[in-house]
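A.B. asks: Given next are the chains, with one letter for each unit.
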Amino acid sequence: MPINYYIFLAVALFSIGVMGVLTRRNAIIVFMCIELMLNAVNLLLVAFSKMHHATALAVDAKTMVGAEAQLFVFFIMVVAAAEVSVGLAIIVMMYRNIHSVDINFLNRLKH
Amino acid sequence: MTKLTYLIPLFPLIGFLVNGLGRRVLPKSFSGAFGSLTILASFILSILIFMEVRVEGFTAQQIRLFSFINTASLNIPFAFQIDQLSSLFLLIITGVGFLIHVYSTAYMKEEESDHYARYFAYLNLFVFSMLLLVLGANYVIMFIGWEGVGLCSYLLIGYWFKNGDYNNAAKKAFVMNRIGDLGFLLAVFWMIGQYGTTNFSDIFPRANDTAPAVLTGITLLLFVGATGKSAQIPLYTWLPDAMAGPTPVSALIHAATMVTAGIYMIARSNILYTLAPVTPSIVAIIGLATSILAATIAIQQNDIKKVLAYSTVSQLGLMFLGLGVGAYTGAVFHVMTHAFFKALLFLGAGSVIHAMHHEQDIRNMGGLKKHLPITHLTFLIGCIAIAGIPPFSGFFSKDEILMGAFAHSPVLYFIGTFSALLTAFYMFRLYAMTFLGTFRGTHEQEHHLHESPAAITIPLVILALLAVVAGFLGIPEVFAKDAHWLQHFLAPVFADSTARQEAHAISHSTEYALMGGTVLAILVIMFYALKKFGNYARSEEPVTGFAKLLSNKWYVDEIYEAVINKPLKGLSVFFNNVIERSAIDGIVNGTGKFIQYSSRQLRWLQSGQVGSYILIMVVATVVFFIIQIFGK
Amino acid sequence: MFAAFDNFPALLIWLPLIGGLISFFIKDERSVKAWAMLSSLLTLALFAVSLLYTDDKNYILNSVSYVWLPELGSSFSLLLDGMSRILCLLTAIAFPLIFASTYSNSYKKANAFYGLMLLTQCGLMGVFLSVDALVFYFFWELALIPAYFLASQWGGEKRVQAAFKFFIYTFAGSLFLLIGIIYVYLKTPEQSFSLVSFYNVQLSAPEQMWLFWMFFVAFAIKMPIFPFHTWQPDVYEQSPTAVTMVLSGIMVKMGLFAAIRWLLPIFPDAVKHYDNVVIGLAVVGMLYASCIALVQDDLKRLIAYSSIAHIGLMAASLFTINQLSMQGALIQMFNHGVNIIGLWIVVYLIEKQTGIRKISQLGGLAQKAPTLAILLVVIALANIALPLTNAFVGEFMMFAGLYKFSAWYAAAAGLSIILAAIYTLNMVKNVFYGNLNAITAGFKDIVLHERVVLVMIVVMIFIVGVYPEPMFNMIRSASELVIGKFIK
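So the protein lines, in turn, are chains C, X and W. For the first sequence, my numbering assigns the number 1 to the initial residue and increments by one for each residue that follows. For the second sequence, my numbering assigns the number 112 to the initial residue and increments by one for each residue that follows. For the third sequence, my numbering assigns the number 744 to the initial residue and increments by one for each residue that follows.
If you are wondering where the hints come from, they were derived from the structure by calculation, not from laboratory data. The beta carbon of each residue, even a glycine, is placed where N, CA and C say it ideally should be.
Partial chain X-side listing against chain C, Cβ under 7 Å, derived:
id, residue
1, VAL721
2, ILE725
3, LEU726
4, VAL729
Between the sequences and the hints, there should be enough to build the whole structure, so can you do that?
C.D. replies: Following this line, the structure appears as structure tokens:
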């Protein structure tokens, strides 16, 4: 399958994520959109990894080219998981305090 | 003896310090006596030095005390110079100064003791400065004295400091003097640039090799200084106002000594003036113009001291005429005789004012002849002397200047003579209105009229004697050959100038004719004035026309006010309110305001909304990509 | 035993620094006053001793160099030569005078006030002594910061505003200076901040031109030269008088001093190129400030503008590059410091008793306070450079040098002498002469310690005015060094 399809899909996912972050006010949805963007990147990484590995395999049967990208994906997933746990905790605290998860109330940065 | 020269100014300085520091504790009798004695000590030393100087063949001596300004490129020692000219001035200053100190002990009797001591401290300081001025061996030391006498003049004019007008007069005197001083200073700087030194003994021999333009510049700037100190056009207006000071001060500073500093300075620099092409004519013309202007004003004044003040300005003008036409000896001679008779007249006026309880308007006087016999007689002698009636001293000195002017140009002579005639007129008008006729003051004043005490009359008598006989020091060539002692005495000082002047011999017959004509005219004017004002009766008619112009002093003060003071004030206000506040501070504060304003605008970007930050980030990223991709 | 004294310059910095730091911990107001006085007197005594053991020919005793930042090519080097000696003398003399004259004044948080004052003294000493550009810059800022706090914490109603303006103004200038210093540093072959390296650095003409402005703007703001002067009247007016004395008496000399040490010898070509611009600005500033002084009603503002005029003359004469005016300016820096502190003391004494500084509301003080009047008149006359007062020597030489440069500049600048006479005598007349009014009727003459301070100032005025020879000896070699850079 040509790499283009993966790219289009990843761009689409990423854009949906961006739009979600920009337009939605519910913190949980914003959070999910961020995850969506991360996963779009993950998808791209895996796709390119596979592509480079395939080209390198034609020259050298034992090559490991492209494996690093898949490593990155794991890192990203780990970081994302950590982020989710912290982020969700923040959201919970926020709900406890202001009884809302609307991010427009989170304008404390200004003060 | 010349080794002890430094003592001459030192004595008055000690007097100043003792009286100044001890003014609270010293009794009046001590401070007056001590102040006078210091001057007497200087006078005696001056006589001793004079005895040494008058010996034939005495050459100028420099006495170096210590180094004042000492740098690689300029060395100005604190040094004195003793020669015939400075020795003569020493005698005049300390001699007349001593008499006036003695006079002051009685005249200022009514002052409280600390103010009395303050007065003598100032007076001593003045003598000190004046001595520095004439003793200085270079222009810088001369300048120290030059400004010092200006300061003392300021302090003494404003002596009664509670009076606002007096303070203004004092300030005016100081500022006008400062304008002149700036000219003097610039001349000194020019000399430093030209010669690298300010010593008389180094500059004068090199005057011959100096470009005429440079000499003209230097001499003109020095003359600006002289116009300030010696009250010539355009800086003369301070002197009449300076009469606000106590009368002995007017006699000492504003008649006999300080105002002649300009003449001394030019006489000292005579070689520069002789060699400079244009300056002498300017000096002569300014001197003559001042002389006429001041004499015309004096005719219409009614304040006894103001008349004398304008008379002083007028006589100083004549001296400058003498300097301008190269009659240096004549000018110095007139300085000397003028010191005697003008001090006499001022002190006489002081005696009158004393008797009249501080009344100075001559319209309220009259008939004082019988009440103040000694004052009257000495005052009359002063009038005759200043009017130039032979054989009194004024005749000889004025005659010498006028003859010098005639040799130069008859026009100068006739204008100068006209000024001399005006002098006779206003002096005898003053005399007649004060001493002749009937008393016009209040009854109470008449009751208190009395002759002044001995401390006042003795100086008057001594000065009167000097005013009579001083003329014989300079008997002109026509009367007796080689009888002009002063010319002979001062010859070494003016030797170089004399050598360069073309001899204008006037035939004896011409000289006799001119002299006779002048004396006759003066006598006629004198009797006319005596007759006209001998029985003066007060008239209430306001003065009109030309007389009004004269009594308002040609409106010179008003013109200065409108042309200089007002615009300067306006400019200052403009600077202060517009340029300083609005322009410069406006720019400075404007920068700050602009930054604050733009920050306030940019603040909206920092809304605190996470969403807007992300939006900006995304938009920026997209723009960045677009530039990356399509930009190339 | 004098081996311990081999670093006078360092001691002159440490002593006020330690004194200042200790002051912060003395809570009692009277003790802290006494301590500050003692500390400043110790500094003065130390300086007096240093005069005995140091001379220009032998730099061993009066220079010191510590390792500081060797990686950067900077060392903590100090030098007590003729030029810095005259300014350290001023700094050492001024502080005891300031403390003594304002001894009866009470400040809130006195410990902080006196601590900051002594820190300022430390910074000033450092500026005058350092011969390493980085150290110099360090002290340059160190002097500014305590001065800012002093001006903004203890002063008039608009003090915060005025002090802020002062700070921003001088700080902006300092940044230009820093950029300039770093550029020159990078240009030195051995990558060194030392004065010697700066003097030997080879800069092309265009480089000199812009670097000159970098340095000049910083110094011009500090002096201040027209049109960089507008911070000054506001700060002088708003600061407590003791701080104003420090600012006007010593701190403005930092700019002049720095111009001699850090500007003229490093950029000789640029100085020659821009001399007309700078002297022109300075002369215009003199006349401009003198004119403004004519119409000031506030005593402090009057003196502030008068000071701008006097500083303008010094600045102009520095840039004429001749020895006469250079020496005149160096001497005048000291004299101006002494005189203006004297004037401020008089203003302080008047304000302390009457509560006002408006010339138009005062009058007749000479009747009530003759001693104060006499002392003021002497100081005022020194301010207008009357002969035999200290300022005459300096101004005479500066004018003579300026005249050598251009007669027209000297003539124009000379007009300020006349204007100075007018506004000074106006002030004397309106404040001291004339009649008493309701405000001045209860005025009392000055007390002993105030009298002692003013008499000391007057004595200094006359000593330097009559016999300036020792001063000339002090500064001769320094000015020759600077002028030498221009004679190739």
